[in-house]
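A.B. asks: In order, the protein sequences belong to chains A and B. Quick note: the first sequence uses this note's numbering, first residue 1, plus one each step. Quick note: the second sequence uses this note's numbering, first residue 1, plus one each step.
Calculated directly from the structure, the hints in this document are not laboratory data. Heads up, a few of these hints could be off.
Here are some of the chain B residues that sit facing chain A, going by a computed Cβ distance under 8 Å [stated by the list, open to error]:
1) S52
2) K56
3) E58
4) R79
5) T190
6) S191
7) F194
8) S300
9) G350
10) L351
11) P352
12) H353
13) P354
The list that follows gives simulated cross-link-like pairs (lysine to any residue, SDA-like), each with its CA atoms no further than 25 Å apart [stated by the list, open to error]:
14) K338(B) - E71(A)
15) K50(A) - K338(B)
16) K203(B) - E48(A)
17) K50(A) - K284(B)
Non-contacting residues of chain B with respect to chain A, defined by C-beta distances greater than 12 Å in every case (computed) [what the hints assert, rightly or not]:
18) G314
19) P372
20) I395
Think of the CB as a built atom: it goes at the ideal place given N, C-alpha and C, for glycine as much as any other residue.
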Amino acid sequence: MTLGLDGCATPGAIVRLALAAMGTRFELVLVGPREPELLAAGEAALEEIKWWHNRLSRFERDSDVAFIAREAHLRTASNPIALDPDLFDLLAMCEQARARCGGVFDVRLGDAMDRWIAGESLPREHAARPMAEIVLDPIRRAIHATGGVPLRLDLGGVAKGFALDRAVEVLRSAGINNAIIHAGTSSIIAIGPGQGGNGWKVRFDGGAERADGSATVDSLNDASSEAASLDVTLHDEAMSVSSPSGRTVASPDDTITPSGHILDPRSGLPAPMGRTVAVLSPLSPTSPTAAANCEIWSTSLIVAPNLLTQLPSLMTAIIRDQSDSDWSVHAAAESGPQRSRARSFPCSVQTLSTLTCPTHSAAEFAALETL
Amino acid sequence: MAPTRRSFLAQSVGALGAMAILPELSYARSQPAAKLNIGLVGAGRQGRAIISELQKMENVTIIAVCDNEESRAAGGARRATGSTAYTSHTAMLAAAKDLQAVVIATPTHLHTQIALDCIAAGKHVYCEAPLAHTADDCRKIATAASAARSLFAVGLEGRSNPVYQLARTFYRTDSVRDAISAEAQSFQKTSWRFPAPNADREKEVNWRLDPAISLGLPGEMGVHQFDVAFWYTNSYPSSVRTTGSVRFHKDGRTIADTIATEMILKDELRFNYLASLTNSHGGKYELFRGSNAAIKLGWSHGWMFKEADAPTQGWEVYANRQQFHNDEGITLIAGATKLAEQGKLKEGVGLPHPSVYYSLWDFMVSCTEGKPAVADASVGARATIVAILAQQSIIEGKTIDITPDMLKV
Chain A
1 MTLGLDGCAT PGAIVRLALA AMGTRFELVL VGPREPELLA AGEAALEEIK WWHNRLSRFE
61 RDSDVAFIAR EAHLRTASNP IALDPDLFDL LAMCEQARAR CGGVFDVRLG DAMDRWIAGE
121 SLPREHAARP MAEIVLDPIR RAIHATGGVP LRLDLGGVAK GFALDRAVEV LRSAGINNAI
181 IHAGTSSIIA IGPGQGGNGW KVRFDGGAER ADGSATVDSL NDASSEAASL DVTLHDEAMS
241 VSSPSGRTVA SPDDTITPSG HILDPRSGLP APMGRTVAVL SPLSPTSPTA AANCEIWSTS
301 LIVAPNLLTQ LPSLMTAIIR DQSDSDWSVH AAAESGPQRS RARSFPCSVQ TLSTLTCPTH
361 SAAEFAALET L
Chain B
1 MAPTRRSFLA QSVGALGAMA ILPELSYARS QPAAKLNIGL VGAGRQGRAI ISELQKMENV
61 TIIAVCDNEE SRAAGGARRA TGSTAYTSHT AMLAAAKDLQ AVVIATPTHL HTQIALDCIA
121 AGKHVYCEAP LAHTADDCRK IATAASAARS LFAVGLEGRS NPVYQLARTF YRTDSVRDAI
181 SAEAQSFQKT SWRFPAPNAD REKEVNWRLD PAISLGLPGE MGVHQFDVAF WYTNSYPSSV
241 RTTGSVRFHK DGRTIADTIA TEMILKDELR FNYLASLTNS HGGKYELFRG SNAAIKLGWS
301 HGWMFKEADA PTQGWEVYAN RQQFHNDEGI TLIAGATKLA EQGKLKEGVG LPHPSVYYSL
361 WDFMVSCTEG KPAVADASVG ARATIVAILA QQSIIEGKTI DITPDMLKV
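This is chain A alone, in the form it adopts within the complex:
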């Protein structure tokens, strides 16, 4: 993904910061009158992301998610685990999404993801494996689990967007009104008019893939790839992009086969390869989880394209089914007339959705911005 800082029309300062968290790289660009205030606000936003990394990671033994896995099934309705209200709201949102998506989105996949990462074949036993039921107490903002097995959450399909949402809250409370922040180039929030006053420009494409599912360097500069890319200008919007690439399976004859990193919770099967989905949502004070919702829906639409009819109001989905097919734009049914979001953006291409390792160096980031 390329973030655009087009022109230098606005005087003042620009601050760029980055943080390694949630297995990826968060980066932000802030525009404002004075650097010290921008730096303070940016660091506070990154601190917020770090906070949520420490709370939501299933790989950190002292995280809240790990605590829930150890304790929730041992608690009852009379002594549930009290949660931070933001974490409670996140889990409530995930449960609502599970219901709305018919189980296509499900955060109770921690155990399955561990076995999937370890190379186990899941489908045969997945359906028969008992799964804990989440019980949320909205009065006490608390959780416990039933079913007699540990509740092993995997928030990988929502945590980065949620962290971005919380970070943007911090930025706004610090008076920042012109910034862009992304999580490993897969989720992004843009606030304000951008440096040039015309919005924040982002380009993404499906890119040509190697056999192992990663993007090739050539594809990033390839004319045909560029032709297949899509340019988007974001104005106070969140966007998330999903693609099932990035994981490979080696067969006994050493053949490397691309195999998605997104599982269908209903079957335990990986989502089919080839599809790329971007979901956009406007930011508003009444939707403090815009990026998290975009992540939920971009992931869900990879698994189940038929869910387009369920897309929440004000959301827009941009989909390409194969790397050589055209992008299609779908607005939620309640959102009114479809609108085309494609814009031209004259700079090089950074593949958003097909990077094996969703990080790039600060130097690379800086270079892209100045193109």
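Based on these hints, arrange chain B on the given structure of chain A.
C.D. replies: Just chain B now, kept in the frame of chain A:
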């Protein structure tokens, strides 16, 4: 399933070996014996972490959250479901009749009056470290705490940390043997500047950068790590020398963003401490070197690096290990005996809660079971006074000799 010979050996040797030299340091602790109603003063970043950890504990209820900034008080009360927000600690003490204990997590220079008022009101108190921003204030608090019937604990987290407790048993035995040196560092990349809601509040919010009240890196970062060295060596320094300067954040501040401290502990043992806000490499750790082994502590993890000629304990054969460049560290695991018995030793790597959880836990248990504080006001005062002197050494540009009278509280 019947144990295999190997798993049986692993469990048996692990258990026996651990029992032979380890105390039972389990983090699978029982809940506090009685219910405890808590009030939190200071709903900033540390206050938020404290709320999060207290909410994990059964029998503990946060009934009041106080902060002199109204929005933060309200935000804190929102996080602690069922609690009431206050904008002054005196209002909280007057109104919250069921309050039994208070946790103080305000800026350091505000600790003293809040602590004294809470002690006078008969509340148990947990105060974050550093205890206060002047030596006189440290002594005032320690004097009031020693005369009170209620408990006073200071949040020197190392003393409650199960990994640190376990590692200290190694340090105090032949496993490490002759102490050679102690060192510690705290490196992070941050401006130490926080966003203020308006220009008027900028100085108040960024109190860490105000030389009139800030203890700088020695106080705000170092005191926890200094105390680990004091606790491990059972000694306080006879002198301290700190150099420091603004290496990177040249935004008009005078508080050093990079420091180096040297203290002389008992038996001429040198303790060297580095801290910086300009680079994060290596993060935060303490390292104790002995003639048999070195122990490295990283707050959630700990490792022992043995010399080749050091005697081998039976349990080491099955211990969990991690590679660090050319060195192999034995992972120090709290509750190793129990985990080894269950064949789950590897699952014990790293603490299951953040470090602050354990010092809060010890405070709750002390309050409800009448046990002494793990780090009482006198311990907190002494560590803080050393940190104050370390900061003073930067300003005066000289070594400060520390006499026992200077640490008398």
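A.B. asks: Hints first: check each against the structure and report whether it holds.
C.D. replies: Okay, the hints, checked on the actual structure:
no.	hint	in the structure
1	S52	holds, 6 Å
2	K56	holds, 6 Å
3	E58	holds, 6 Å
4	R79	holds, 6 Å
5	T190	holds, 6 Å
6	S191	holds, 5 Å
7	F194	holds, 6 Å
8	S300	holds, 6 Å
9	G350	holds, 4 Å
10	L351	holds, 6 Å
11	P352	holds, 5 Å
12	H353	holds, 5 Å
13	P354	holds, 5 Å
14	K338(B) - E71(A)	holds, 18 Å
15	K50(A) - K338(B)	violated, 32 Å
16	K203(B) - E48(A)	holds, 22 Å
17	K50(A) - K284(B)	holds, 16 Å
18	G314	holds, 27 Å
19	P372	holds, 27 Å
20	I395	holds, 24 Å
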